[in-house]
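Those protein sequence lines, which keep their order, are chains A and B. Position 13 of the first sequence, counting from 1, maps to 13 under UniProt numbering, and the rest follow consecutively. Position 163 of the second sequence, counting from 1, maps to 163 under UniProt numbering, and the rest follow consecutively.
Note that these hints are calculated values from the structure, not bench results. Please read these numbers as outputs of a predicted model, since none were measured by experiment. Please note that a few of the clues may not be correct.
As the list claims (entries may be wrong) - In silico DSS-like pairs for lysine-lysine, Cα to Cα no more than 30 Å straight-line:
| # | chain 1 | residue 1 | chain 2 | residue 2 |
| --- | --- | --- | --- | --- |
| 1 | B | LYS40 | B | LYS63 |
| 2 | A | LYS127 | B | LYS40 |
| 3 | B | LYS63 | A | LYS127 |
Claimed, not checked - Quick list of the computed label-pair ranges, beta carbon to beta carbon:
| # | chain 1 | residue 1 | chain 2 | residue 2 | range |
| --- | --- | --- | --- | --- | --- |
| 4 | B | ARG206 | A | LYS179 | 24 to 34 Å |
| 5 | A | ARG143 | B | ARG295 | 38 to 48 Å |
| 6 | B | ASN306 | A | LEU124 | 25 to 35 Å |
As the list claims (entries may be wrong) - Covered by chain A, according to a simulated footprint, are these stretches of chain B (three or more residues, beta-carbon under 8 Å):
| # | stretch |
| --- | --- |
| 7 | 217-227 |
| 8 | 257-271 |
In this text, a Cβ means the ideal position worked out from N, Cα and C, and glycines have one as well.
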Amino acid sequence: MTLFDFWDVLVLGVVLGSLYAVIAIGYTLVYGVLQLLNFAHSEVFMTGGFGGVIALTLVVPVAAPSLAQSAGYVILGICTGALLGATVAFFLEKVAYRPLRRRNAPRLVFLITAIGASFFLYNLAGKLFGRNAMPMPRMYENRTVFTIFDTTINITQLLIICSGVLMLLIVDHVVNRTKLGSGIRAVAQDPEVASLMGVNIDKVVSRTFILGGLMGGAAGFLFGTTNQVFYTMGFLPGITAFAAAVLGGIGNVRGAMLGGMTLGIVEAFTVDVFGDAWRYFGAFGALVLVLMIRPTGILGERVARTA
Amino acid sequence: MLSKRVVKLAIPVAIGALALTACGDDGGGGGGDASGTVFKIAYQGPLSGDNVDLGINMENGVKLAIAEANESGDYDVTFEYLDADDRGEPGQATAAAQRAIDDEDVIAVVGPAFSGAAAVAAPLYGEAGMAALSPSATNPDLTQQGFPTFLRGVPNDAEQGAAIATFFAEQGVEKAMVIDDLDDYSIGLANVAQQGMEEAGIEVVRESVPSDTVDHSGIARTAVTSGADGLVYTGYYSQAGPLAVKLSEAGFDGIKLAGDGVKDPEFISLAPGGEAEEWYLSCPCRDLDADQEGRDFAERYEAEYNRAPGTYTPEAYDAAMMIIEAVAELGEAADRQSVYEAISVGTHDGVAKTLSFDENGEYAGSGIYIYRVENDTITALGDITEITG
Numbered sequence: 001m002t003l004f005d006f007w008d009v010l011v012l013g014v015v016l017g018s019l020y021a022v023i024a025i026g027y028t029l030v031y032g033v034l035q036l037l038n039f040a041h042s043e044v045f046m047t048g049g050f051g052g053v054i055a056l057t058l059v060v061p062v063a064a065p066s067l068a069q070s071a072g073y074v075i076l077g078i079c080t081g082a083l084l085g086a087t088v089a090f091f092l093e094k095v096a097y098r099p100l101r102r103r104n105a106p107r108l109v110f111l112i113t114a115i116g117a118s119f120f121l122y123n124l125a126g127k128l129f130g131r132n133a134m135p136m137p138r139m140y141e142n143r144t145v146f147t148i149f150d151t152t153i154n155i156t157q158l159l160i161i162c163s164g165v166l167m168l169l170i171v172d173h174v175v176n177r178t179k180l181g182s183g184i185r186a187v188a189q190d191p192e193v194a195s196l197m198g199v200n201i202d203k204v205v206s207r208t209f210i211l212g213g214l215m216g217g218a219a220g221f222l223f224g225t226t227n228q229v230f231y232t233m234g235f236l237p238g239i240t241a242f243a244a245a246v247l248g249g250i251g252n253v254r255g256a257m258l259g260g261m262t263l264g265i266v267e268a269f270t271v272d273v274f275g276d277a278w279r280y281f282g283a284f285g286a287l288v289l290v291l292m293i294r295p296t297g298i299l300g301e302r303v304a305r306t307a
Numbered sequence: 001m002l003s004k005r006v007v008k009l010a011i012p013v014a015i016g017a018l019a020l021t022a023c024g025d026d027g028g029g030g031g032g033d034a035s036g037t038v039f040k041i042a043y044q045g046p047l048s049g050d051n052v053d054l055g056i057n058m059e060n061g062v063k064l065a066i067a068e069a070n071e072s073g074d075y076d077v078t079f080e081y082l083d084a085d086d087r088g089e090p091g092q093a094t095a096a097a098q099r100a101i102d103d104e105d106v107i108a109v110v111g112p113a114f115s116g117a118a119a120v121a122a123p124l125y126g127e128a129g130m131a132a133l134s135p136s137a138t139n140p141d142l143t144q145q146g147f148p149t150f151l152r153g154v155p156n157d158a159e160q161g162a163a164i165a166t167f168f169a170e171q172g173v174e175k176a177m178v179i180d181d182l183d184d185y186s187i188g189l190a191n192v193a194q195q196g197m198e199e200a201g202i203e204v205v206r207e208s209v210p211s212d213t214v215d216h217s218g219i220a221r222t223a224v225t226s227g228a229d230g231l232v233y234t235g236y237y238s239q240a241g242p243l244a245v246k247l248s249e250a251g252f253d254g255i256k257l258a259g260d261g262v263k264d265p266e267f268i269s270l271a272p273g274g275e276a277e278e279w280y281l282s283c284p285c286r287d288l289d290a291d292q293e294g295r296d297f298a299e300r301y302e303a304e305y306n307r308a309p310g311t312y313t314p315e316a317y318d319a320a321m322m323i324i325e326a327v328a329e330l331g332e333a334a335d336r337q338s339v340y341e342a343i344s345v346g347t348h349d350g351v352a353k354t355l356s357f358d359e360n361g362e363y364a365g366s367g368i369y370i371y372r373v374e375n376d377t378i379t380a381l382g383d384i385t386e387i388t389g
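This is chain B alone, in the form it adopts within the complex:
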């Protein structure tokens, strides 16, 4: 009796679910036979979930590039935007990538934004012959795995980790606690930082705090009792906020530094008692205030979105612009493969930096910047080489 009723209920539910999935899959493919002058640029990153702010910063950069390209009238083709939300999670990355790949108009992808998701999605983009130019996935391994079309538009974590180690050595840290959040990006950055510090003679205590942890009192206590005089957190801002609060409550008084995943104003607002104050942040992202071009970009961005550009906004903008220019160059004959080939050997003079890639798709350039939270704002201190001399 019971099972019959359940079956009665379950069948329509299952059919409904199947129908919905089917709709979602070919929803994008319908418009493929347009005049041929519309090219879509997709962005894959977290557009929902815990780290949505980082994703939206980049999405807006891509959208701005597309809007400016269309308005400029310089190009014979029209560009459109497609969102591919992966929540920043590897588990959602396949579906997000498939959404971009299945839409025949999509010519290239900005993203995947996060390293964990990039490792899952990059092979799919490779099969589709579509360039995946990530403005932010910094795990060093990504360019070592032979993904055919993956390009990285930022210095990787090997460089960032080394910069963190140099910075801590410079500050005279003797014993450091390195905390990761068990995510690919986080572990990668933490490993390099730990290795660099150990080579510099700093004793390192390694801890992991899973990214879904809701209570940070335990780790804060561990940090204090370990006797460390420096702490590196390599996760994202959504966890760094509460961690900062608990560290301050527990009375941790060493130097605190977090990686680029934390460089977001949201970090400061999640520590409302000023606990984020004096945290250092390392990032392969440049400060826009440094030159006129950057300030102009920030102005245009603010006029459009009523908020200041966030972390990786200019990098995402540059990536989209590089794709746009490559497509425009190729004209209506542009397809996924030819666009990838054009980008991979091309050079783009962007807002944040000059983009070009080596044979592995790795960013050919360098530059890690150190920031510090001062009076509730993230203030640029400069390039790591300038700071440590």
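One chain only, chain A, in its complex shape:
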């Protein structure tokens, strides 16, 4: 592998990694406050993709858009994706998880509900939008923006990396610097004490889902710009992002970011060196190795609180 190859593959890996990192946040935030593996998060991601396609199909992008128009389409897509993702996440919590919490249902029931909700949502999407993949309407001419070390970066790649990083910074700020963030961290640490201290747990949980949903939905749209939108599109990226959250230390937001980026890059190099058939061997092999050495994940410190 020459240096040129290295940079080339690294770019592909960072593009993938940014998406995984943004999705992984949804898993890790929800796990933090509820100790729940929200498997339906992959469908929040899928909804975001469809949201973007629908919004852009309604607007009908012009054939040769100006810079401002292109930017408008992209922002519209991200916002619709994020809002739709958040809506689904919000109702998911209200309909699927809150009743279980009220009744103090065992953890296993939450997990089964999550898997059930996931199946329900993607089959619903398949019914509503058809089983065929949909391409994202063209928002811009996807040309090369700049070249570093002989590696070209095109608009879509730049868009995904930049908006991914921006979203990660926003989440990091929200979790570490705002009132909602301290609420989330308090509930994650000890829900009973948090509620004694005046934290409204229901509100915090609901908003955590919305925050994760915003990120997941936006990631769905971004994924659609580089690949396509289809009803099962959430499954593999969802599983990978979940693994990324575990790799980084589930419950830890910065860990999810780091884990997502790591898995994306490992995946890109695996594909380049061993071929597509080995895609998930590399990434999940790395996951197993890391967990053998550090069972709590790269940045995970606290042992999960006993429920």
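With chain A's structure known, arrange chain B on it following the hints.
Below, chain B alone, put in the same frame as chain A:
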């Protein structure tokens, strides 16, 4: 405590699931004692899942044949349709085949559509003594395994692969990348194409991209850096669309060709930036525009379904018509075995081609056609022998 609750929940769920399965199994068998004049023709193929468009193209062909047969008034018996959805997956093929077999009225099957599913379902149809006439399963091995009632109504991939190799040699390709999607059909076609090209002196790089891959940037990069000036993809259109997009982004400028699994208008719409342009498509399916009979068929089909006939629509129509004629010939005495025997030695002059079979159930004939995507439409270039001379 926890486990008790789970058990409480699990028991009704399990019972419910069992009850549902039971219903599904004997749901079709009830109507067996009808007047004896109703014969069902089943179609087994993908009616859901990623490749549903290919399946529906064929299903509509079968339905049209049945509708026309019933309306014509030429036959004393009535035909009905039964769907057997296998999603195009080997894992679903047993259930789909069983659905057709368990329905006593089903006299023969058009399908299985996909090779992987056909390899699983063909032994079951064999046991049931029921003809399985596939309009599209092109894996060469299928007729070599001694399945008692499997018939193939198209030239197989050995022929298609050889045609691809001839075409690439003709185009002056020196180094080709061959990509399969790890499915039976795909690997089979890729193997033959690779072998043919190597014999023609073309250097071949072989890659596999699993059919559930969502990101094609890696393989596109590999294609560019390999220095290949030709590329063959032997998977299906749902993956070929995004692959075409990424290849164009990565700047691949060699000749691109895909097999019959990609010959669907959906391929073009999955590459909305015109990335499918100039892709060649090989297919053992004939262009309907070539003669009057084909154009008439296309007209009737469009009047019924409001869409143009797709890949293998005429082949599926022909297969269903051949079964219908065989049943009509045998009259009310027709049963699964006698229909199979009649078809296997019979000849049917169809819309797409004349159907007949050799002793292995292999299609007795030839003809691979090359198409090209031009201005967002799949345009026929002609028979491979005409093109390469």
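Hint by hint, here is what the structure shows:
1. As the CA atoms of LYS40 (chain B) and LYS63 (chain B) are separated by approximately 11 Å, the hinted pair is consistent with the 30 Å bound.
2. Note on LYS127 (chain A) and LYS40 (chain B): the hinted pairing holds, with a Cα-Cα distance of about 28 Å set against a maximum of 30 Å.
3. Our distance criterion of 30 Å between C-alpha atoms is met by LYS63 (chain B) and LYS127 (chain A), whose separation comes to about 23 Å.
4. Separation of ARG206 (chain B) from LYS179 (chain A) is about 58 Å and departs from the stated range, judged on CB atoms against 24 to 34 Å.
5. Here the CB-CB span from ARG143 (chain A) to ARG295 (chain B) is close to 42 Å, well matched to the stated 38 to 48 Å.
6. Between ASN306 (chain B) and LEU124 (chain A) the Cβ separation comes to about 26 Å, which falls inside the hinted range of 25 to 35 Å.
7. For the stretch 217-227 of chain B, the assignment as covered by chain A holds, since 6 residues bring a beta-carbon within under 8 Å of that chain's beta-carbons and 3 suffice.
8. With 4 residues bearing a CB less than 8 Å from a CB of chain A, the stretch 257-271 of chain B meets the requirement of three and the coverage assertion stands.
Of the numbered hints listed earlier, the single one contradicted by the structure is hint 4.
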